[in-house]
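As you go down the protein sequences, you meet chains A and B in turn. Note that this note's numbering numbers the first sequence so that position 480 is 480, with each residue one more than the last. Counting from 1 along the second sequence, just add 481 to a position and that's the residue number in this note's numbering.
None of these hints come from the bench; they were simulated from the model. Cβ atoms here follow ideal geometry from the backbone N, Cα and C, with glycine treated the same way. Mixed in with the good hints there might be a few duds.
Over the 12 Å line for every Cβ pair with chain B, so calculated as not near, a few chain A residues [unchecked claim]:
hint, residue
1, Glu47
2, Glu157
3, Ala290
4, Leu374
5, Asp467
For each label pair, taking beta carbons as the anchor points, the in silico distance ranges come out as [to be verified]:
hint, chain 1, residue 1, chain 2, residue 2, range
6, A, Gly124, B, Val1047, 55 to 63 Å
7, B, Pro1071, A, Ala392, 54 to 62 Å
8, A, Gly124, B, Phe1073, 42 to 50 Å
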Amino acid sequence: MRKHILIILSVTFLVLSACTEDMLDKINKDKQHPSPDAVPAYLQLSEAIMSTGFGTVSGDYAFYLSSLNEQEIGVGNNQLMQAELRNSSEWTASTTFNNVWNSTYGNLLNIREIIRKITTEVPGNVGQYDLLGMAQVLEALNFGILTDMHGDIPYSEALKGQGNLQPALDAQKDVYAGIISTLDEAIANFERGKDLISAGKQDIAFGGDVNQWKATAYALKARYLLHKLAVEPNVLSQVETNAAEAVKLGFKGFTVQEFNGVTCDNPWSAFIWSRNYTASSLTVANIMEAPDDPRLSYYTYETGESYDPGNEEISQVADGSLAFPAWYDLGSQPLHLFSKSELYFILAEAQLRLSKDATDAFRTAVETSVSEILGLFDDNTSASEYAESLGAPTLKKLFEQKYVAQSYDEQVEAYNDLRRLKAMGEAYVVLTNPRNTQSGINRYPERLPYGNSGVIGNPNVKAAYGDGTYIYSQKTWVNDK
Amino acid sequence: MKRKLTMFLVLFFIGTGLAVAQTQVRGTVTDEAGDPVIGATIQVKGTSQGTVSDIDGHFNLSASVGGTLVISYVGYRTVEIPVSANVSAVLKEDTEMLEEIVVTAMGIRRDRKALGYAVQDLKSEQLSKSGTTSLANAIQGKLTGVDVRQSSGAPGASAQIVIRGARSFDGNNQPLYVVDGMPVNTSADFSTGNSITGANYADRSIDINPEDVETINVLKGQAASALYGIRASNGVIVITTKRGLGGNMSKPAVTVSTNLSAQKVSRKFERQDVYAQGNGISAYNPTASMSWGPKISDLPNDPVYGGNATNSYTNRDGKREGQYYNTQRAKAGLDGWTTPQAYDNVGDFLETGFTENTNLNISQSINGINYSFGLNNSYQEGIIPSTGMNRWGTRGLVDWKINSQWNTGFSMNYSSNKIIGTPGANDGIMNVVYSAPAEYDLKGIPNHVPGDVTNQVLFRVTSFVNPYWWAENNEYSQHTNRAFGNAYVEFQPKLSLENFTLKFREQGGLDIWTSDYSTVRAMGTTTSLKGGDIENYGRQHNVFNNLLTANLDGRFGANEEWGLNVVLGNEVNDENMRVWDYYGSNFNFPDFLTIGNATSYTASEYTRRERTVGFFGSASLSWEDQLYLTVTGRNDYVSTMPRGSRSFFYPSVSLGWEFTRLSGLHNNNVLNYGKLRASFAQVGQAGSFYNNFYYTPGYGGGFYTYTPVSYPLPSGISTFMPYSRVYDEGLKPQNTTNYELGADLHFFKSRIKLEYTYSYQNVKDQIFSVPVDGSTGYQEMLTNAGKMQTRAHELSVNAAILQAKDYDLNLVINFTKMKNEVIELAPGVESIMLGGFVEPQIRAQAGSTYPNIYGNAFKRDAAGNLLLLNGLPQVTGDSRDLGNCSPDFVTGITLGGRFKRVSLSTTWSWQQGGKMYHGTNMTMNYFGVTKESLPYHEGTMVVDGIDETTGKANTKEVSKQSYYQAYNNISESGIYDTGFVKLRDLTLTYQLPKMCAVDISVHGFARNVLLWAKLPNFDPESSQGNNNMSGYFERFSVPNTSSYGGGLTFTF
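Please model the complete structure; the sequences and the hints are all you need to start from.
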């Protein structure tokens, strides 16, 4: 009997020790993923940059806006056809931009985590002011795009995870103020960290060059100040100052060059290779044609063909037989997060509106864009000659050229310009899609709808979204004059 | 029970047997009608000697003079006869309720009448095993309250088995399987997720050979399964495999069975063959995806491609009267000129499938050792070329009664299973087969340019692949090697207490499997996969399960009117898994499709461990063999929950009352048996908790049909970011409360048996990923929220309509009506996605039955009229509830009979109501491919509806094609009623007279042969996905099949 008792006791002991909390903690240890503070912040920077470019600046916003802006035509008998035909539900549905809504905020969380680790001095991240500034630049850019696309957005209460599951919306005006001050902080941090190389190779935009990041911060400041021109007409001199500062720092353009077209593809190429949803637009071709733009033949894939916006038959073609800009077929073309040409277009606009000589800025802007495109095809045509041939800049020429340049991958900014100019009562590029008005009803979105996750998970967003048709009537603050 | 006890006592004295003279006994066993009783057990009392009566009721054995023979057979009263040279035993039918033993939770054997909850069991011969390789198919239509949803007719297709509705919105709702006392994992290795890409993954119940099954007991309610604790909230399927017959057999019983069958598509899609490829009646277009072109007979007159017209082709080749020029033929190296005719592309592509099942089983029971050995092979060729399945299995089982105190034994199963599958939805090939223009010779035109396998020829040039090219070049394979089994030892000490037995049992079990998956897409698969890719991935699981129980059983009281059964136990389940994924893309050259030929790679691999430790106890008390009370409790400790929330207690109580034992009701001629039962139980489910973590993201999904960017980048950079799911640190187990009431009534000497059960299940604090606003930085939070309820009525009627010596006729009806409702999700969350596209989706929606379809609807006015714009239907702004998937009721009917040696059995299923999204019908309508589209190819019409701009009846004329496309472009048009009546199985068996000591039975069968469905063109039992959305979302799935075949069984 003693033997039995001993056996029972030892079995009981074994079994009990098999389920102590410490034992079960050990068993449940996650061997697949690192815990947050185990990852040094600089390792997060690459994704922060890639996601900003691949997911937010390009990606779904750009794909849809290319149709809205007529910078390309939406075809393929599916979603982009619906967009091209200004199908109301395609534009108002909260599902349409849900992926990018989620991924942009997800990226912002990543950026905030970088900031947290440096500012709260998590071991291994102490004193990395250069990296801190980079994260702040990216934060400003991502929030800038979010508010430009959606208007009032969760900002001050956003990104708190379980701490606030239903963040309130901040007025766009306040988001703009926040963006500008974030950029000022970034500039200050670049000053403090000017001799550091915390990110090194992980910085897939500038390889850790703090000066270029600082220039980017100034360029972004210039952009977001300019966005407010319709409602705050006195911003022009600040725009000029900041743009000039970026130029002075030798801004080379905020780009991702990682693509090789084989194992790592530019998002536009991946989109077209996956879907055949894009074709060349007659609106762009017409602007290119008169001044004999050397980019035109590449824009039409050397077919000379382009298509009128809103054409139902064209939009149904799904077999990939339509012409589309040849650069999208490379896959290795660089991706702009903020192009050098945009900076010079901003500077030129400020100078023109301040009645200053904008010729140099304008020519540099055009030449940069043209030479980038020609460079992709080893075309030796002189970009500078073309830029000179355009003569002295006017606002019309400037916006036409900016529109053409941004048909490459800056559709988001083109949409911002089109709306701002409308608010200011100016029109340089005339949109021709007949379906922008249907049976007397406006079908040109003044903003993009909130993401579905917000509409179903956050009453504040749901209230603002309503049935989604607000996108046709309510302008965003910067464009509401 | 008593008989067993006696037998046990008999064996007890084996060792003390006296040496006495032996005599040869010849005997016959008959029933009261004088018919031979086949398979009756004849045991020499006090020895281990025994035999079984043959087909004529005869038996032979040697026994000691003066001894006693104990002759028994199920359903008859046991008789004892003194040993003599010639014995003639007449067995009387047991008019009392059979002392039917049911294996309940933890292998506890109990009288069926003692249970306070519903249990349904199926014996081997009740399963429809022929012509299928899947256990799920074998039980379909034979149980109440059990929903079996097979995903398609593909070999190894997954099936979803859900007992009494779902308990988890987005988690596992499949029951626990217990094979010979050992829990066996049957979930699929990988979920198909949104189920819109790739191929189906088999669920791991495919590793169980239906032929090995002796009985299946389904523990439906939580009271029945509570002893299994946390893993059993979805019910338990207890499987006992075949073992040696009772008694002592001088030679082993050998059974060889085989069946062969041919499969064809159960409902072939018949497309229109009038109109040709194109997007408008006026123009043939040799690259269009649709069939809205001119009449096929008009092709020779086509201005661009017609042989009768003047165009670039006739200018080059001269007029070709009656022919047209097909550019794809020319590309494939054929003469471009061809005379238009209609081809049966669907019929050409779908082959005749083949299924073979062969089983060998040897079993014997001798000198206290009972063994069984089996070998089996199942081989299937699918109706889609290149697809199939091949399973080999072997099993061995030994039970050894060492002496009166000690028993030991083991059970071991091995299976090797290889499946080649077919992708569906976005990667589907069936869409290409269905939409292939009738005049396009899909089979006859070579599928690639001569000499260049990477350059496909297809009628359309997009992201879809030529199905013949696919079959020759691409592969979606699954290969699993698995071993599971256990060994046990039982110890039954002598007790000083009379009428009580005490038994300890220690059982150690293993379940080990490795699954290798490979997806190979050759160079030139699609425009975005020019370089091809290969993904080798898989899982390895090692599960150790230890079960220690003590069982006290006995009777007490002045007249032994009290019965007591107490079980105490401990279970440890420890699982180690390894998951890997190796991906290579862009092959150097074609025809060598291995990962070594890829030019870029990514890889991931990780391990995970999970442990559950449970302590449980059960106490049953019975009084006067008419009142039965059982109380159980179990406490689990689970590793996958956060610290502090790992311990859960689950109670259950059940009461059974055989009210026909009351004196006034006893021996009633009409109602010979009646029992009422009631139970209450609480069980839970644990979540998979992690501390918040980072991961390395990749880019894909959305518009991308491949992964354009993955880390490390070409420059070698890798990166991390926070994962999109946040884990609630206060996570607690979800809780299911179940109430069950029921009655078992037997009429007319149990000729009619009726079982009714009502159950109410209330699930709260569900653990699921609650979607949260992306602006929180996360997309979902794993937390407790929501409520779900199920009310189920289950009625089973079992009637022996005719019963005679030469013939019988039996009818079984299994009726289930279930309402599985989502009461609430999380605050502010109205619905969550279970799978599908951006729209439509399968969702769980508050206030709706589970699950429902959610997507774009037609824009209508308050009166329900279509609101038209430019004369065409419009879509609603946002997704809507498009219908409830779950049916109003389902009924399974088994009708079978025997006439002399011929027996016929049929299984029918009748489902009333229910909805599904049928993307194939909808897309084929949109493409102008269906016969339904025929009236819409030519001419114009004015659509009925209200013009939204004027508010008045529409007057705008549109082309019929525009209307039909606009209509079939809105998901609501793809919602269909899934109601059907189906003859699932028809089996005709002939039992040959015994020849040379061999019993031979021959059978012929047909499966899934008759179908009346509301769904047009397709069998409603084919869909996407292997998870909770399975059965409700269809898009280019592998079609379902019918089987015709026959088989032979030899027993000797």
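Now for the hints, and whether the structure bears them out:
{"no.": "1", "hint": "Glu47", "verdict": "4 Å, violated"}
{"no.": "2", "hint": "Glu157", "verdict": "8 Å, violated"}
{"no.": "3", "hint": "Ala290", "verdict": "34 Å, holds"}
{"no.": "4", "hint": "Leu374", "verdict": "24 Å, holds"}
{"no.": "5", "hint": "Asp467", "verdict": "5 Å, violated"}
{"no.": "6", "hint": "A/Gly124 with B/Val1047: 55 to 63 Å", "verdict": "59 Å, holds"}
{"no.": "7", "hint": "B/Pro1071 with A/Ala392: 54 to 62 Å", "verdict": "58 Å, holds"}
{"no.": "8", "hint": "A/Gly124 with B/Phe1073: 42 to 50 Å", "verdict": "45 Å, holds"}
Checked against the numbered hints given earlier, this structure breaks hints 1, 2, 5; the rest are met.
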